[in-house]
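Using the sequences plus the hints, can you model the full thing?
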Amino acid sequence: MLDKTLRNFDIPAFQQDLINWYQANKRDLPWRRTQDPYKIWVSEIMLQQTKVDTVVPYFQQFIEKYPTPYALAEADEQDVLKSWEGLGYYSRARNLQTAVREVVADYGGKVPDSPAALGSLKGVGPYTKGAILSIAYDQPQPAVDGNVMRVFARVLNIDEDIAKPSTKKLFEKIAAELISTADPSSFNQGVMELGALVCTPKTPSCMLCPVQEHCRAFADGLEQELPVKTKGKKQKTTTYAALLIKNEQNQYMIEKRAENGLLANLWQFPMAPIDEIGMEHITNWFFAEYGVQMNIGDKAGTLKHVFSHLIWQLEIFHAMTMQTETADERIIFVKPEDLRLYPFPVSHQKMLKYILD
DNA sequence: TAGTCGTGGAA
DNA sequence: TTTCCAAGACT
1 MLDKTLRNFD
11 IPAFQQDLIN
21 WYQANKRDLP
31 WRRTQDPYKI
41 WVSEIMLQQT
51 KVDTVVPYFQ
61 QFIEKYPTPY
71 ALAEADEQDV
81 LKSWEGLGYY
91 SRARNLQTAV
101 REVVADYGGK
111 VPDSPAALGS
121 LKGVGPYTKG
131 AILSIAYDQP
141 QPAVDGNVMR
151 VFARVLNIDE
161 DIAKPSTKKL
171 FEKIAAELIS
181 TADPSSFNQG
191 VMELGALVCT
201 PKTPSCMLCP
211 VQEHCRAFAD
221 GLEQELPVKT
231 KGKKQKTTTY
241 AALLIKNEQN
251 QYMIEKRAEN
261 GLLANLWQFP
271 MAPIDEIGME
281 HITNWFFAEY
291 GVQMNIGDKA
301 GTLKHVFSHL
311 IWQLEIFHAM
321 TMQTETADER
331 IIFVKPEDLR
341 LYPFPVSHQK
351 MLKYILD
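Position 149 (the first sequence) corresponds to 149 in the working numbering; numbering is contiguous.
Heads up, some of the hints might be wrong.
[What the hints assert, rightly or not] The list that follows gives simulated cross-link-like pairs (lysine to any residue, SDA-like), each with its CA atoms no further than 20 Å apart:
#1 236 <-> 224
#2 65 <-> 79
#3 82 <-> 56
Keep in mind that the hints were calculated from the coordinates and are not lab data.
Put into structure tokens, the structure is as follows:
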């Protein structure tokens, strides 16, 4: 299967054309100005499912605050989450810190350069492992992301569904065959850079492509049809009442979310699923759930927030309570000016404007 | 395997 | 407006 796919494919010429193009056209990105495995690691975690333009400012600020594995290992998780606020996929931040602590404890603070040790770290999967080994340590390891699957699917005219995990394994085998042993870093980054700048998902710029002469999809006019990717299911909407509960000290009630699952360990204004409990039972539900007696006031606004796999429809209300504390450790009351000290998901960051005017 | 896990930008 | 998606990992 693999032999047939790669038969008559001029691997050395493809490598050379790709690497030459990459050297001449690569973007000047902060993580390309260093060989520090820790910094490259941080960049690769941030770049998971996230655009380069989004990552750049987060990376700069993160490295300034946590310049070494030791600095990150010693940091408070809440501070790390605050640095990650707005970037999404927050378990990446917590897994990174867990992994960095392991590197400090078990590897003397040096990022492992063996595939087995690196791949065992929390949050380091097949792609990230290959990226770190190739970019930081110049090892010829495949690093297959969405770009790589798209580029290789077109160049080699492969119509396997790239949404399937088994297809990713196929491309890892292909990447292992194609990767340059002379410059694995430039090869891997070159494929990704090509995917980001030229071999784009929609309307690829084939006329500007440095490997056009190697591309079977272009030769057959199939560049728009490849790669094949089945689409996921639609998100389900849940409606919540989100309450801006103020007490007589002008403090607002916020809640730390569970330590697992969606938006783990971030803070939010309390929410009630009004589909389930009914708007008329909210007060009782809140008392049962949080031990807080409150009166609901005016509606402050409405907010629709779209996640990857679900949608929140938030109906936002002002509310008043006489209490300044509860028995629930997840609940605290905070002055408006201190709310920004806590890591909030974007949906609840937006709610701050109803309080801070 | 398929679902979970965020966000903002492009077409 | 809707859809898709971006340098994935985990369960």
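Checked hints:
no.	hint	result
1	236 <-> 224	violated (30 Å)
2	65 <-> 79	holds (10 Å)
3	82 <-> 56	holds (16 Å)
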